[in-house]
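Sequence order for the protein chains is B and R.
Here the first sequence stands for residues 23 to 189, where the numbers follow this note's numbering.
Here the second sequence stands for residues 473 to 1246, where the numbers follow this note's numbering.
Honestly, the hints are just simulated from the structure, not real lab data.
A hint or two may mislead.
[Said to hold, decoys possible] Per the computed footprint, the stretches of chain B lying under chain R, defined by three or more beta-carbons under 8 Å from a beta-carbon of chain R, are:
(1) 46 to 58
(2) 108 to 116
(3) 151 to 165
[Stated by the list, open to error] Among the chain B residues that face chain R by a calculated CB cut under 8 Å, a handful are:
(4) G83
(5) V125
(6) I170
Beta carbons are placed, not taken as given, at the ideal position from N, Cα and C, and that holds for glycine.
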Amino acid sequence: MAEQRRDRQSHLTSLTLGDPSVVLDTTLNAVFHTIIVFSLFLHFAGHNAPGGGFIAGLVAGAGLILRVITGRETLRSRIAIPPHLLLGAGVLLVTGTALTSLVLGNALLEHHTWELDIPVLGTAKTTSALPFDTGIYLVVVGVIAALIEALVAEPGAADAAESEEPG
Amino acid sequence: MIWVLVIHVVVAAVAAMLGSRLCARVFWVALIAPASTVVWAIAKASDAHDGTPIVQHRDWIPELGLDFRFVVDEFALMMLFIVGGIGVLVMAYASQYFDDEEGLGRFTALLTIFAGAMTGLVTADSLLMIFVFWELTSITSYGLIGFKDTKSAARGAATQALIITGAGGLALLAGLILLRISTDSSTLSGLESVEVGGTIASSAAVLILIGCFTKSAQVPFHGWLPGAMSAPTPVSAYLHSATMVKAGVFLVARLAPHLAELGPWRPMTLGFGLATMVWGGYRALRQTDLKLLLAYGTVSQLGMLVAVLGAGESKLLFAGTALLAAHAVFKASLFMVVGIVDHSTHTREISELSGLRRAMPVVAVTAAVGGASMAGIIGLAGFLAKEAAILGLLQSKIAGIDLATAVFVGASALTAAYTVRFLVGAFGDVPDVETPMHRPGVLLVAPAALLVIPTVVFGIADGWATTLVADASGALDDKAATFDLKLWPGITTAFVLSLLAVGGGLALYAIRRPIEQVQTRLGRDRDAADLFQDGLQGVLHGAARVVGVIQPGSLPLYLAVILVAVFTLPLLLILGDSGLPADRVFAESPLQTAVVGATMVAALLLALAQRRFAAVLLLGTVGLGSASLFVIQGAPDLALTQLLVETVSVAIYVFVLRHLTSRFKAPQLSGANLLRAGVAALVGTTVFLLTITVVADRTAEPVDAELTARSYSEADGSNVVNVTLVDFRGFDTVGEALVLVVAAVGVVALVRANRGSDGSDLGRPAASTEDAHG
C-alpha cells in the first residue's frame, strides 16, 4: 500500500507538481506556438492537401496537452479559452454553416466557392466548407481541452484527494 | 383562420412576458385571443351559412397529408362560438378569480395556447392536424391542471390526465392513420365522397373511439376528470366542461355520419356512452364536494353526448348538437358558480354551506337556471335538447334502442337528482351553520350570469334555437337540418318520458338518505382513479424488476453481451458458408506483414501487461501499427489522423493514470478471465474472417472512384478525404461533431460526479467551479 502511494505521488510530481523545469518550459513555450501555427496551416491546407479541421484540431489539442504539463501557471491560464466556449462556438459554426445553405434555398451543406484576388499574393480560393471545417476544428480542440480540464485536477484538489485517503 | 391561431400564439407569448408585471390583469391581455375567434366567427358567419364551408389552406408537409387546412362549416362555426365565447367569459372571470400570485404569466399563456389549440381542433380538416391540435390540448391541460405545482395532489392529477389522454391520443393517431389507409383520404371533408368499410376501417373506428373516450372521460377512462378538479376553477369551467372534454364528443359527431355503419361503432358509443351516463350520475349522487359533484355530472353528460351523437342517425345528430351547445353553456356557468362559492366562502363542502341563497341572490338564480337546464326543465335550452334526444331515440331503428332509451331516461332521472342535490347543497340551509363569506366581485358573477341569457332565450324562442341547431347539425348530415325543437311538444311519449325523468329525479332526491346508506353499505367502491394508481404502480414495479435483472451495472458484462451478440451471427454465417473465398488476400506486401506482425506482438503484450503505464504505451503502439498500415496504403489523411489520435489519447490516459494504482490486479487463471479470453477470441476470429471474406467477396463498385472524380469538379477540393468529410458526407460530420461534444460533456460530468462523491471537490479553485455554472 505504501509503495502504491509513493507510486501515485511520483506520477503527480512528474506531471503537475514539483519544481518547474526551466528548460522544458521554455522549449515547450516556443514549440507551442509553432504547433498552433502548424495546426492552422493544416487546417487551411486541408481542402486540397492532407489536413483539415479534424486533423488540425488534434494537432492543436496535442499542443495544448504539452502546454498543460508545463508546471508554471494555473491550469485555467494554460488553456486560455474555456472549453465550453470552444465546444459551443464549434457546434454553432457547424450547424450554422449547414443551415445557412438550407436557408438560402440550397440543399443542406451545399457549399459555395469564392475566388478572391489579393494584390501581390495572387488569387486565393475559398469555399464555405471552410467555416464548417473551422467548426470541426473548434469542437476537437474543445473536447481535448474539456478532457484535460476534467482529468487534470488542480494540484490542490489532487492533494486533498490524497490526504483524505485512509492510508 | 390561420391568423386567428397566430394571434393566439402571439398573445400567449405576450401574456407569458407580462404575467409578472400585470398580475391578474394579464387575463385582459389574454382575452384578446378568444375574442379574435369570436370576431372571426361573426365576420364569417354569413359566408358559412351559404352552405359552402369556408376553406383555407396552406401547405406544411403535403407528403404526409399534414397541412394547415381549415374547413369552417356551420358545425365548426358553432364550436367556434362556444370555444371563443366561453373563452372570453372565462378570461374575464379569471381576472377576478385569481389574486396576484406567482406563475400567472405561465398560466395565462397556457390557457391561451389551449384556446388556440381548441380553435384549431374544431376547424382543422387534415386528420393529422386534428391529432396535432388534440395533443396540444392534452399538453396544455397538463400544465393547467398542475398549476398549483407545490401540491402533490395537483401534480398527480395532472400526470394522470396526461397519461390517460396521452395514451388515448396514441390510439387516436393509429386510428386516424388506419382510417387514411382504408379510405385513401387524409382529410375529414374527403370522407364524404368515399365508401367506408372493411376490417381496417373497423379497427380504425375502434382506435379512434378509444381516443375519444379517454379525452371525453368515458367509463372506464373517466378517472382523470374528477382528479382534474384540483385545477383552478376557470380551468375546470373552460377545459373540463365546455371545451376540451368536448373534443372527443366533437370528433365522434364529425365521424359518426361516416363511420356509424361500421360493426363496432354503435355498440361502443351506445354501450360506453350510456354506461358512463349512469355511472357518472350515480357517483355524482354521493359527492359532498360541489365541484366533484359537478365533475361527475359532467362525466355523466359526456356519456350522454357520446351515446346520442355516436348513433349517427340524422335525428340524433340534430339532438346531440343541441345537447352539446346547451351543455357547454350551462355547465360553464355552473362551474363558475362553484368558483364563486369557493372564492367567497373558502369551502365547497355541502355540509358547510348555508344561507348563500340570501347572501348572493344573483348567483343563486344563475345556478338555478343552469341547473334547471341541466335537469331538463321546460322553458330552457336543456329541455329542448333532451326532448329532441328522447324523440330521436324513440324513432331510431338501431338494434337494442329500446333498452338504450330506458337507460337514457333512467340516467336523466339521476341527472335531475344530482342537480337538486347540487342546488340545495350550495344554496340551501344547513341547521346551525352560518357560513362566513365575503361578497363576490362583479366580474365573477357577470360571466356566469351572462351565460344564463342564451339558456333562457333559446329555451323559449324555439324557432331561433331550431335554426341554429339545424344549421350546425346540417353540416354533419344534410337530413339533420329538417328537424325542429319545440317549446311545447304536446303530450307525446317523449314529453311523458321527460316528465318521468324529472319526476324520477325528484323522487330519487326525496329518498336520498336510504340511497346514501345503500351507497355507503356497498363500501368504498374502487374507482377508476384507484385502478389507475394501482396500474401505474404495477408498471413501475415491474419495470424496476426487469431493469434490475437486465441492467446489473457491470460494464464488463455489458461489453461481453454486446460483443457476443454482434459477432456470433457473422461468425456462424461465415462458418456455415463454403468457408474462406478462393481468391483471398492475406497481405499485399511484405511490409504489411511485418507491420501487422509487430502490432500483434504489441497487442499480445498488452493483454499480459501488469503495469498500467506499460499497457497504455502498448495500446499506443497498436494504434501506431494501424497508422503505419495507412501510410503503406498511401492514405496520408487517415495516417495523420490515427497518429494524432493515438498521441493525444496516450497523453490523456496518462492524466487518468495518476488517479489509479500503477499495477493491475495480479492476473490469475479464473473462470471469469477464461470467459473474457473466450469473448476476445470470438471477436478476434470473427473480425479476421469477416475482413478476409468481405474484401474478397466485394460485389458493389467502390465509391472512391466516383468521389475522387467529383471531388474537384463539384466541391473545389482536391483532398478527397476532406471533401468527403465536409461536403459529400457533411451531414455525418455534423452528427459526429455533436457526438464528440456530448461525449466531452459526459466525461466532464462523470469525472466531476465521482470527485464530488468522495468529498474531494472542496479543494477545487473558484475558476473551475465557475466553469461548471457557465
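**Interface hint status, B/I170 versus chain R (Cβ within 8 Å)** = Because about 7 Å separates B/I170 from the closest Cβ in chain R, which is inside the 8 Å limit, the hint holds.
**Request:** Three residues minimum, CB to CB under 8 Å: does the stretch 151 to 165 of chain B make the cut for coverage by chain R? Let me know.
**Result:** holds (count 9)
**Message:** Checking hints one by one. Is B/G83 an interface residue toward chain R, by the C-beta closer than 8 Å rule?
**Reply:** B/G83 check passes; min Cβ-Cβ to chain R is 5 Å, inside 8 Å.
**Message:** Just to make sure I understand the rule, a stretch counts as covered if three or more of its residues have a C-beta closer than 8 Å to a C-beta of the chain. Does the stretch 108 to 116 of chain B meet that for chain R?
**Reply:** It holds, with 4 qualifying residues against the three required.
**Prompt:** Counting residues of the stretch 46 to 58 of chain B that have a beta-carbon nearer than 8 Å to any beta-carbon of chain R, does the count reach 3?
**Reply:** violated (count 0)
**Interface hint outcome for B/V125 [beta carbon to chain R under 8 Å]** = 15 Å, violated
When held up to the earlier numbered hints, the structure conflicts with 1 and 5 and fits the remainder.
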